[in-house]
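Could you build the full structure based on these sequences and the hints that come with them?
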Amino acid sequence: MTKTNPGNFFEDFSVGQVIDHATPRTVTEGDRALYGALYPTRFALPSSAAFAASCGLDGAPVEELIGFHIAFGKTVPDISLNAVANLGYAECRFHRPVATGDTLSTSSEVIGLKENSNGRTGVVWVRSTATNQRGETAIDWVRWVMVHKRDAASPAPETVVPELAPHVAPDDLVVPSGLDFTSYDVAAAGEPHLFGDYEVGERIDHVDGVTLTDPEHMMATRLWQNTAKVHFNTEARPDGNRLIYGGHVISMARALSFNGLANAQLVAAINAGSHVAPAFAGDTVYAWSEVLDKAEVDAPGVGALRLRLVATKGRDESMTLRGEDPKTGRPAYAAGVLLDLDYWAFIPAGSP
Amino acid sequence: MTKTNPGNFFEDFSVGQVIDHATPRTVTEGDRALYGALYPTRFALPSSAAFAASCGLDGAPVEELIGFHIAFGKTVPDISLNAVANLGYAECRFHRPVATGDTLSTSSEVIGLKENSNGRTGVVWVRSTATNQRGETAIDWVRWVMVHKRDAASPAPETVVPELAPHVAPDDLVVPSGLDFTSYDVAAAGEPHLFGDYEVGERIDHVDGVTLTDPEHMMATRLWQNTAKVHFNTEARPDGNRLIYGGHVISMARALSFNGLANAQLVAAINAGSHVAPAFAGDTVYAWSEVLDKAEVDAPGVGALRLRLVATKGRDESMTLRGEDPKTGRPAYAAGVLLDLDYWAFIPAGSP
Amino acid sequence: MTKTNPGNFFEDFSVGQVIDHATPRTVTEGDRALYGALYPTRFALPSSAAFAASCGLDGAPVEELIGFHIAFGKTVPDISLNAVANLGYAECRFHRPVATGDTLSTSSEVIGLKENSNGRTGVVWVRSTATNQRGETAIDWVRWVMVHKRDAASPAPETVVPELAPHVAPDDLVVPSGLDFTSYDVAAAGEPHLFGDYEVGERIDHVDGVTLTDPEHMMATRLWQNTAKVHFNTEARPDGNRLIYGGHVISMARALSFNGLANAQLVAAINAGSHVAPAFAGDTVYAWSEVLDKAEVDAPGVGALRLRLVATKGRDESMTLRGEDPKTGRPAYAAGVLLDLDYWAFIPAGSP
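Chains as they are written, first to last, in UniProt numbering: chain A, 1 to 352; chain B, 1 to 352; chain C, 1 to 352.
One or more of the hints may lead you astray.
Where chains are identical, the list cannot tell them apart; a pair therefore holds if satisfied intra-copy or between any two copies.
[Said to hold, decoys possible] Below, in silico cross-link-like pairs of lysine to aspartate or glutamate (EDC-like), each with a Cα-Cα straight-line distance of 16 angstroms or less:
1) K114 <-> E158
2) K3 <-> E191
3) K3 <-> D205
4) K327 <-> E296
5) K3 <-> D197
6) K294 <-> D172
7) K3 <-> E290
8) K327 <-> E91
9) K3 <-> E202
10) K149 <-> E11
11) K114 <-> E11
12) K3 <-> E199
13) K229 <-> E109
14) K114 <-> D12
15) K294 <-> D197
16) K294 <-> D171
17) K229 <-> D239
18) K114 <-> E163
No lab work stands behind these hints: they were computed from the structure. Only a predicted model underlies this, so the values are computations on that prediction, with no experimental measurement involved.
The following block contains the structure:
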């Protein structure tokens, strides 16, 4: 009994602590194919080795979210097995493409702790770093989770709340080595809209919807070796439903965003993310995007868009983000909002 | 809003128009494995690299239908996003095996147009060609679809109905370079029946049945980057059912046909195909074949069978193809027929 | 009709008969990814090419059960298509790791026959051997199945019951060439417990549960080209349920056993196995293990644990294996037990 991993409780974390997470994981062509079977993704760069080469990239990069989910999944047994809630993400940067054959390992440093006033839970901030088999940083990010205390009587640690950037600054975006969009093939990519065609404040309705199923989200979540039981076990929740891994909704929304953002080929950074409401099998997910910012990038033919990606349950014709809480009347997310993600993407700048 | 692809309407097509479809797609070992997980296929040649080599083939060819579905999926956003119905296929030839690592791109030429008498829809004929990363033709085929007009008031185009071969002539079948069945291993392939053992007119009951599920057909359809919303979204149809991609039934029937046609290793051509009735999750698919023709082939030890492959919903013990329409009393497909496909397959000729 | 495979009946088997099973099958990275999507497996060695190399292994070995299921699936059309029941396994040894790119073929020798007293069925024992494309033995095992007679009037064959080892002797375990656990990375593997930390008689509750679904078990079973109709066809059983392939429960339980046995990296042998009760979609599978024996192994840093792996339907807090039959009051498996598997695993011996 004592040999199984009970996960860490709030008392087990201390600021400065470094945790090397288990199970290095080699990324394969099988992961790419399964990702394409589970999400309606059609971005040309990870879909085609020939297209990636035409954009100056060596090897066969997979979608950034494949690397992210794998790297994130590693942290679950140590960080969030006893989590009450995943509170947020910040400062997530993709430092170099992950290609098939790469092996990812993840470690995390605890950078903040704050016990909640109820004395039964606390918030833990960690900065996690995924490295490849050459020891190069592939991805890093901060997330914070609310974790149960083992014992409400344990004394509270000193409160340390890390200072986090509200979003990754354009100068901190890392352009993949060799990326060159000067001979970008718009027809092959599927849409004509490039950097210059998007305006800050513009909203794009991605139109399509996908109804979620249990086997699909379980397969996705297992693929990332994410083992939180609420995703797999109908006996783990009183309502008998399997809670869908938030990353499944992120990937679904990103894939849906192809329709209107087909040239936003690479995710460069994730600035913030909120899983506003849980998703379950039977929900139909739609997505819309808002252009939050635009930035020049120091690479040939490359620009960056800062995008808000919102996933909703049911078609939200008005693309409303804000509503009010029906009980309190206070500002809140509109009904049906599942995800509010803020990220940077690289996109061809278009002709000069 | 305006950035999403609304698809083409009947008015957007003109005879002679060439459309380069988006998203080149690299075929991987992940596709092969997923195909094997989704369909009960056991043909030895695509299953085993060693068996393929023993048949004179370089590389690791995947099943012809993998290439076909990928190439076909590329055409959907441009050709059939606003289709009322997929009316037929003709002249589909497999020019060379698709191997893992190959990148397929598809373009289509409009070869026919005919407005329907109701003024609201029209029929579009396209010849589509999939080429690999070396620019070689991998597959080409003609299909015709009924498409909505954007505006019923638009003038009708000149009617052009292409002349299509009723079936691919045996001399037009392309034998894969190097294919040699003279040292074919019948035990490894799974059945003793070779070219000489099949008679024109013979019917083969493939016995086995598979009950369809939603997650499986959605995964298959996404794998081919086919994004027609009726396959994925329970809110897209009044009955709340996801319509199953016709190609899913083709692949299921072809896989079931192993039991009785295990040596029909390679699909050489598709002469015609009709999706007679829609399929939904819960339907149990069975298949039977009829030998329509036989042909000598100019390659060592290779013959060709022309086969009708019929998929039915529920077990049709009598293997009936024709019945009558219960309302009109006129000849029609028998109840339960889902698919009527006419194709050529290469099979070992057997000892001389 | 006569071209489809009716399977063998009891009368078709004779002691000494050798059957070469159809469809050689190349193992790919797609198989590894699908296995990881279908089972919550996290063993570091097959998960990471880098970790496998650090353990002295060339190439990229896949989990032993991938090889086993593929090799086993080959035998189904010839051995157990008309089986009433899969009665047992014995003497299963993994002779060398199966790596991606390997092609497996299987043949079986009939080593025992015994007609049942009812005259309608009989038991067939076969020793099956899977070889790779170099002709090397990868896996061999004995299983026995109860098979229908074609005709109850057929005379009974001479009874031959093979003598089988109650379990594989430690000296008969085959250590993979090069395996060296002396620089084993416990942090990467996920748990600190090594050979010396396990006591004979100890029980380990693996805690986690997974609720089964139909699409997932069908995909798994097809992946192994196992075509027994009861797994796929709701019309094949009076209750309309798809019976889950017993190997699906084995793989699920083995994957769940990571939590408490994360360092039992390689399955070395299967001594015995019983599918105690059938499993269906909706069942939630849990697992627990008991240490049956421990053995020194002649390889650097390597020990072996003999483990009982029990899968249950529903959480069995008491980890009870034995109960009594509610009808007869006689000793029987406890309610809820699905699987009772006895196997050897290689595990790092730990510091000397």
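>> Within a copy, between copies, both or neither: which one fits K114 and E163 at a CA-CA cutoff of 16 angstroms?
In response: within (13 angstroms within a copy, 65 angstroms between copies)
- For K3 vs E191, is the C-alpha pair at or below 16 angstroms within one copy, between two copies, both, or neither? between (54 angstroms within a copy, 8 angstroms between copies)
Cα distance capped at 16 angstroms. Does K3 pair with E202 within a copy, between copies, both, or neither? between (54 angstroms within a copy, 11 angstroms between copies)
message: With identical chains, the pair K229 and D239 could be close in the same copy or across copies; at 16 angstroms between alpha carbons, which is it: within, between, both, or neither?
response: within (14 angstroms within a copy, 30 angstroms between copies)
| Is it within, between, both, or neither for K3 and E199, if the alpha carbons may be no more than 16 angstroms apart? | between (56 angstroms within a copy, 12 angstroms between copies)
| message | At most 16 angstroms between alpha carbons: which applies to K114 and E11, within, between, both or neither? | response | Within one copy, since 11 angstroms is at most 16 angstroms while 63 angstroms is not.
query = How do K294 and D172 come out at 16 angstroms by Cα distance, when the copy is not named: within, between, both, or neither?
reply = within (14 angstroms within a copy, 54 angstroms between copies)
query: Are the CA atoms of K3 and E290 at most 16 angstroms apart within a copy, between copies, both, or neither?
result: Between. Shortest inter-copy distance 12 angstroms satisfies the 16 angstroms Cα cut-off; intra-copy 48 angstroms does not.
Q) Quick one: K294 to D171, C-alpha cut-off 16 angstroms, is that within a copy, between copies, both, or neither? A) Classified as within; 12 angstroms inside a copy, 58 angstroms across copies.
Fill in: Intra/inter-copy verdict for K3 and D205 if alpha-carbon distance must be at most 16 angstroms
between (50 angstroms within a copy, 8 angstroms between copies)
- Query: Is it within, between, both or neither when you check K327 against E91 at 16 angstroms Cα-Cα?
  - Reply: Cα proximity of K327 and E91: none, with 33 angstroms in one copy and 63 angstroms across.
Check your understanding: Are the CA atoms of K294 and D197 at most 16 angstroms apart within a copy, between copies, both, or neither?
Key -> within (11 angstroms within a copy, 57 angstroms between copies)
Comparing the model with each numbered hint stated earlier shows that hints 4, 8 and 13 do not hold.
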